[in-house]
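Dock the two chains into a complex; use the hints.
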Amino acid sequence: MRVLIAMLVLGCTMLITPTALADSPPVPDAGASETQEDAAEERATQFVGVRGPEAESISGGALLLAAYSVVWALLFLFLMRMRGLQRQTAEELERLSAEIRASEGR
Amino acid sequence: MSRTHQSGSSTVWSLVLFATLALFAAALYTIFVVAPVEQQMGIVQKIFYFHVPSAYAMYIGFFVSAVASGVYLLKRDPRWDAVAVAGAEVGTLFCLIVLLTGPLWARKAWGVWWTWDPRLTTTLLSGMIFAAYLALRSMGDTGEVEKRFASALALLGLVNLPLIHYSVQRWRGVHPTVITGKGGGLESEMYWALGLSFLAFTGLAALLIWARASIERQREESVRLRLELMHR
Chain A
1 MRVLIAMLVL GCTMLITPTA LADSPPVPDA GASETQEDAA EERATQFVGV
51 RGPEAESISG GALLLAAYSV VWALLFLFLM RMRGLQRQTA EELERLSAEI
101 RASEGR
Chain B
1 MSRTHQSGSS TVWSLVLFAT LALFAAALYT IFVVAPVEQQ MGIVQKIFYF
51 HVPSAYAMYI GFFVSAVASG VYLLKRDPRW DAVAVAGAEV GTLFCLIVLL
101 TGPLWARKAW GVWWTWDPRL TTTLLSGMIF AAYLALRSMG DTGEVEKRFA
151 SALALLGLVN LPLIHYSVQR WRGVHPTVIT GKGGGLESEM YWALGLSFLA
201 FTGLAALLIW ARASIERQRE ESVRLRLELM HR
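Top to bottom, those sequences are chains A and B. Start counting the first sequence at 1; every next residue gets the next number (the numbering used here). Start counting the second sequence at 1; every next residue gets the next number (the numbering used here).
Calculated directly from the structure, the hints in this document are not laboratory data. Glycine included, every Cβ here is placed at the ideal spot set by N, Cα and C. Treat the hints with care, since some could be wrong.
[Stated by the list, open to error] What the simulated footprint calls covered on chain B by chain A, stretch by stretch (three residues with Cβ under 8 Å from a Cβ of chain A suffice, anywhere in the stretch; the number is not a length):
{"no.": "1", "region": "42–56"}
{"no.": "2", "region": "99–106"}
{"no.": "3", "region": "133–139"}
{"no.": "4", "region": "207–219"}
{"no.": "5", "region": "222–229"}
[To be verified] Taking CB as the label site, the calculated pair distances span:
{"no.": "6", "chain 1": "A", "residue 1": "Glu99", "chain 2": "B", "residue 2": "Leu21", "range": "22 to 30 Å"}
{"no.": "7", "chain 1": "B", "residue 1": "Phe149", "chain 2": "A", "residue 2": "Ala66", "range": "33 to 41 Å"}
{"no.": "8", "chain 1": "A", "residue 1": "Ala90", "chain 2": "B", "residue 2": "Phe32", "range": "34 to 42 Å"}
The shape of chain B in the complex, shown without the other chains (with noise of 0.2 Å):
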């Protein structure tokens, strides 16, 4: 039964890899091939493709955490701690792609590399949350104290995710509202390459989480047979 429903895994695991890898080549050839170069700001507009769907592969990773995390706090079930871990590990890469390829952007649209844009200060602040949350699990081998406080960090960081969202629409900032704001919108030809991106950064998302909290079931059960050996 277990080998059948490992099997299965199995499949479906390679089966959103090649979907993800197909998506991938379908959204780089939209980006450069399909969609046009935007009349103000020029090629560099097309980072916009990677930037957008990083974050939300962020929202996904960072939320993942902390909703394992809380089930975590109320059943103590290990195989959720390890879904908090991969979660939070996914979503700071994630986020550390966004801070890196914003400001690329950033600088030839605005002149600058940083401001203190709310949209801007919220991601900053919520990575700064989940990177207190991967110190403290990367001290040794983490115990029940250390596990629970670091769940308890990432429902913090939860409470920040919406206010990056609705910080362009509540508070006065220079972010782009162009696929939430009332404006223009983009061309079609920039929806599809958008789209196309979306999907397959979830799915990459998927995978990276479901891979990662796959190893940290196998280091919490090396912990456990460590455990067995020193009491024997």
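In isolation and in its complexed conformation, chain A is listed as follows (with noise of 0.2 Å):
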């Protein structure tokens, strides 16, 4: 369970992250596209990322699998704890019942 709130923190962490980092968005210049330009002026002075869905094409099939495998890997990772669990458990009372039966016959 510990791995799991590790996940969901580190998760969470990584959703505020971006928010918390994120500049506010370039405000245009209005007056800008009256100006005249000559030559020199009409290349390019500096590159602007592209902020959002045009900068860049994820594949959707990507995605999906990610997502789906995402699923598939908590829930055996979840198993796996419970089976593990399940065992101690077990053991643990197997154990504290031997003891308890040996006190008795003491």
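See below:
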């Protein structure tokens, strides 16, 4: 369960961090289009990263595969954890029962 | 009598297990073979068929945990406490699935991994409440005071559940409302895929809560035996 909680906390942190680090979007200059530009000024003078869906095209198939993999992986981990917990508890019960029987026999 | 009861439980357990496995097989076939690809979003929309039922399974887990916690506070019966722990764990598992599969869909549909939409925020809040519950319960052999405090926390989590459900109707946000909204809804094959997934996740949530509660009762029994041994 600690792994599950750690994953939840990590997930929340990963979700919050980009929002916290995000800059406010650049405000377009309304008068810029009205100014006359010569040949030199037409050249790019800065690179601005596009924010949002145009920036890159992520394959929907890859996202779908990732989502279904996450579901099965988490379910598998949870089942493994339950199996381990059950085994540990059964051994503990066996040991304690044996100790109680031994103390009654004395 | 006890052995007969145990045998009956085992039969029910096996039946639910096989039904759930069959439902998962049918759901996956319907999702990937029968249901059409969505026109606007493309194949990534198929995340929806596991994302929404996971949210529903999360509701089941948290609701069971809160109700069992309430009964435990009234009766102080450790069996209800075991059910509460099981519900909280299973609910948190499905909450994690919802919070991880949602952003994978949102990145394609909205262009961002996360946005502070009311439904997303209230779901995250619920996850945090029950994560706090589990953190409290995982601190060694929990005493009576911790159990009662955790039960109150689970009841607080119950208050948040209707907020998640009605947040899309009451507050403005970007989360889709294709099932509960008044729009075009889904195509019939999509309804079949979603319906089968709902049934499969219901069975899965029931099985996991059942199994986890059984282990928790055994843990309670081992604690009782340890105390008995100490007092001899």
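Structure-based check of all given hints:
| no. | hint | in the structure |
| --- | --- | --- |
| 1 | 42–56 | holds (count 8) |
| 2 | 99–106 | holds (count 6) |
| 3 | 133–139 | holds (count 3) |
| 4 | 207–219 | holds (count 6) |
| 5 | 222–229 | holds (count 5) |
| 6 | A:Glu99 <-> B:Leu21: 22 to 30 Å | 40 Å, violated |
| 7 | B:Phe149 <-> A:Ala66: 33 to 41 Å | 38 Å, holds |
| 8 | A:Ala90 <-> B:Phe32: 34 to 42 Å | 39 Å, holds |
Hint compliance for this structure: hint 6 is the single one not met.
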